[in-house]
Structures are given as structure tokens and as C-alpha cells.
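Take a look at the letters that make up each chain.
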Amino acid sequence: MSSLLETSGLTKRFGGLTVMHDLDFKIQEGEIKGLLGPNGAGKSTFFNLITGVHAPSSGHIFYAGREITKAKPHQVAAMGIGRTFQLNPLFGDFTVFENVTMAYHLRPHSTVGQAFFGTKTYKENEKYIANSADEILEFLGLAHVRNELAKNLPHGYQKILGVARALATKPKLLMLDEPLGGMNPEEIAFSINAISKMRDKGITVLVVEHNMQILDILDSVTVISFGEKIFEGTPDGMRNDPTVISTYFGGTV
Amino acid sequence: MKKSGFKTSLPFLILLVAFIALPMFLNSRSWIDIFVTIVFNMVAAVSLRVILLSGNLSFAQGCFMGVGAYTAGMLAVHLGLPMWLTIPLGAVMATLIGLITGWPFARLKTVYFSMGTMFMGQAIMLLISAWKAAGGAQGLNRIPSLSSELKGVAELLGVKGYQAAYFVILILAIVSLVVMFRFEHCRIGATLRALAQSEDVAASIGVNPTFYRLLAVGVACFFIGLMGGVQAHYMTSISYSSYSMNLTLWLIMYMMIGGSGKFIGPMVGAILITLVEGVSNLLTSLSGASNSEAFVAFSRWIGENSAYTPFLTAAVLLVVAYLLPTGLVGIPDTIRAAKAKRAEMREIEAMMKEGGDNA
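In the order they appear, the protein sequences are chains C and H.
So that you can map any letter, position 34 of the first sequence is 34 in this note's numbering, and since no number is skipped, the others follow by simple counting.
So that you can map any letter, position 308 of the second sequence is 1308 in this note's numbering, and since no number is skipped, the others follow by simple counting.
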């Protein structure tokens, strides 16, 4: 296995505050990787650095062998990195179905001209998109709310819709920002199952989470605290690591 | 979500018939002037809405009509270019200037975009007003007339020159509207709406926000510039003051009163308000030739009070904003929603009553 995403010396400062310090990070192709850490550890910042929302203060980001340190969000998406957001913004005035079909912006891509003139390619693309979107909704258990406006969905469904949207971009690397946040136990069990199925589809997954239930399906874990890496290894190793226990679990052992 | 084709196209068909048939009967120069103004305002207001699809309200849109008009007018006056060249070049120039000035503004959002474009529009028109070749404060005069150009064709068809000009303008307007309609109702329009709802999410699925924002600006400026170009040749003299911020504010009024949620909204707004204004002017001009005392008195009253039109329109706008946020064309939907809600309430009441009876 080769590494799909790699960062070296990644640093981000907001004014005088260093939220990410010299982070070296790697994701192997085909694994489910966890990025864990307490609140304010810099997990969401890491997401925003990778996806081009923020530019790093120093350091480099490589994806599939190419440097993407300075890429913009839509370029990162074009390279095959799909993401969800922690606060989970949606296209609220679109239906669930439209939210997902919208996400097929790149693959398959219709040019502006093709879309305007409604060419054969465009019509075929749209047909494919409609079918494929329904498959994703089925896979993530959203088929029964297909025609609801996204803003009217309960919170847990909105979170899953965020995942559906990211999946529709056909990512090689799927980055999930707290996918279990605010979910009830049933939805958590469902989501964990769905995430582990994504690995079977050949998608590499990076999960930022502080719900420990996610550990069961992770292949490897990186733990950060105050923007610095404090652990790298397997979930079992993490559970027994003294540094992690003292910083993350509050030094109870 | 997809309505039957006939139901959606019926209002458009009615408008089309009205715009073809009415000017055949009401064919005095004054009436045709009113129809032409309606057509210009209609396309201009729709073009404003194209930019609004991406979530931004442009306050410079009226000035691009001026750019189109002045480009066409100056090319014709100074270089003697023919109309079939000057009018499209007016549209192209409006697009170019729209894209160049829109590029830095494309990263601004909502109220900041509006503020930026507001000052930029004013700046462009100020430049034109200070430009000697553009006629300066006197405006640009002696632009070749579209009506005279079409005299030959008009005679052949048995209509007047200005009537023929109206139909040429109508055809250009229909083409513009059809293009903008299709633009909105394919994937491009959906992408713009997505951008308006969340730029972060749109970028995360690979939408290039700058590209799509500029695409909307480019399309909108092209068609308003096209209308400006024709307007220069229809009116034969233009003044920078008619493309000031006032024009943009009127366009925004048309859109808000008609309803910005639907394509036909700004069209309805433009037609109604321009008609009210145009007819009051027409009455004033007609009253001289009339020998009915009541009519003369009425038109004098209208004429004396026509200065209040903006206030009246503003009052209407306020009422619309409070009571009908979806505008005039949103009324059927509002009624339907209210009915559905009442039915639901009745159902709940019935259920509660039943529950009470059982207890």
C-alpha cells in the first residue's frame, strides 16, 4: 500500500495563535483512518488546510504524489477528495435528491455549452446522475425522504445527506468531519456500518471524530492535541497509550 | 417538481400574443414608445435576476444598459458602422466591461457585492458623462434611427417604421428571454442556486465559484447591453442620466414587485409598472387633442401627480415586501400554501375533538 495523502511540517497560525504545529500525517490507500483529539485540537483546521479552505502558514500537502498545498477547494474536489462539514451546511432549499444530483458536478461533467443546448451527452449524463443518486440514497437509507427539502430533515439525516453528497463526487479520499456528531445511537450504529462499507467500495476514508465508538472500524489512528501529534498507530495501541490516556481521557489511569 | 409544460408556458404564451397583437391596434407613436419601453425594462429586469440566482444583487446592472447604448451609439455616430454591427458590439462591450469589473467583485458576497457594484456603476456612468466623444452632459445625439432604417421593410409590410422597429426589438427580446430562460432551467441555473445557498458546499463538490458568478454576470450584461444598443438606435439620442442608479433601482423594483422567485416575476413587474407610468404620460399628451372636459381634467390631474409615481411604487413595494415576499407572481402559491395549512389545522382540530370525545 502506498500513501494517498501525506502532509509534512504542516503548520497553521491564525495571528499569534498556532493551531497546527509541524504535523506529519499519512493516509494509506484503502484504509479508514481516524484523526482524533479533544475539542480545539485542530482537527477541523486540518480538514480546511487539506481541502484548500485555508492556506497553510508553512509545510506541504501531497495527494497521490502531487503537491496540492496551494490548490483551491474546487480544485481539490476535482482531484478526488470529497468532504463533509462539521456544522453541515446544505443546499437547504433543494430536495434531498437535488442535493445529491447537484454533487455530480465533476463526474460526469457536462460543459456549460452541453448543458445549455441540452446535447445528447448532457441528457445521458443527467440520466446517469439521476439513477446513481438514487443508488446512493438507497445505500445511505435516505430513499424515503428523497423529495423532502433538505432544511426540513432531522439533524441526523442532514448529517447523512452530507455524506451522500460527498460520495456523489466519486471521491478516492472521503474526509468526514465529525460524521457522528449530534446523532442518536441508532443513527450512529447505521453510520458506522455505512462508513465501513465504503472501504469495501475502494474508498479511502479519513474520519475526524471524538466519539470513541468509531474506533471499532478504524485501521489506524492519529491523535492530535493542541495542534501537535501525540500518537500514531492502531486503535488498540491508542487505547493503551499512556500519553493519549493522560491528555485525551484526562489522566484517569 | 416538474409541472406540465402547458401550465408553465401558458402565461408566456399570453404575454407573447399580447405583445404581438396589441401594438397592431394601439399603433400610435406614443403607444409604441410605451411598448418598446416595456420590452426593454422586461429584459433588463430579467437579466438582473440572472445575477441574483447566484445570490448577489447587482446595483450596476442599469449602467450596463448604458454601456451597450453608448457603445452602439458612438460606433454609429463616430465610425459610421451599420446597426447590425453596432448593436451586437454594444452587447459585447457590456459583457466585457461586466466581466472585467465583475471579476474583483465576484469574491464579494451579498450586501458587499451590492455596495461594490453600486459605486462601480456610478463610476462608469460618471466617466461617460465626462467623456467628450460621448457627448458629455448633452448626451449623444443624432444616432441613426432604427425606424428610418426599417422604412423600406415597413412599407412592404404595410406598417409604420416605428412599428417595424418595435417588432425587431420584440424579436431580439424574445431571443434574449429564451436564452436566459434556458440558462436558468438547465444544470447551470441549479449550480448558481447551489452557489447562492452555500458557497463552501458548492466548492467542496467541485464548483468553481468565481467562474459561475462571472458566467451569470456575463450573460446578464450581454442581454442588457443588447437592449441598450437597440435603445440607442430607437431613441436616436441618449443621455447618461437615463442609465444612472435610478434605472437600476427601478429594475430592482420591477423584480421585487413582480417576484424574484420565478422567471416571469420581473417580467410581470416591469410590464405593470411601466404601463402605469407610460399611460399616465400618454394621457397628458392626449389631453391637448381631446374635447371632453372630464377627460382633460382627469389627464391633467394624472399629469400633475405623475411625479408621485416613485412614491406610489415604493409604497407598493413595501406592501409587497411585508405581505407577499414572493411578489405578485407568488400569489397563487401563497394562497395554495395558506389553504393547505388551514386544511391541516382543521384536521388537527378534528383529531383533538375526537380525542376529547373519547375521553
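Hints in this document: simulated from the structure, not taken from any laboratory.
Do not take every clue at face value.
For lysine to any residue, the following SDA-like pairs were computed, each having C-alpha atoms within a straight-line distance of at most 25 Å [as the list claims (entries may be wrong)]: (1) C:170 - H:1193; (2) C:72 - H:1179; (3) C:123 - H:1006; (4) H:1262 - H:1055; (5) H:1339 - C:145; (6) H:1262 - H:1179; (7) C:201 - C:132; (8) C:72 - H:1284; (9) H:1007 - C:126; (10) C:26 - C:170.
Evaluation of the provided hints:
no., hint, verdict
1, C:170 - H:1193, "holds (22 Å)"
2, C:72 - H:1179, "violated (31 Å)"
3, C:123 - H:1006, "holds (22 Å)"
4, H:1262 - H:1055, "holds (14 Å)"
5, H:1339 - C:145, "holds (24 Å)"
6, H:1262 - H:1179, "holds (15 Å)"
7, C:201 - C:132, "holds (15 Å)"
8, C:72 - H:1284, "violated (60 Å)"
9, H:1007 - C:126, "holds (24 Å)"
10, C:26 - C:170, "holds (21 Å)"
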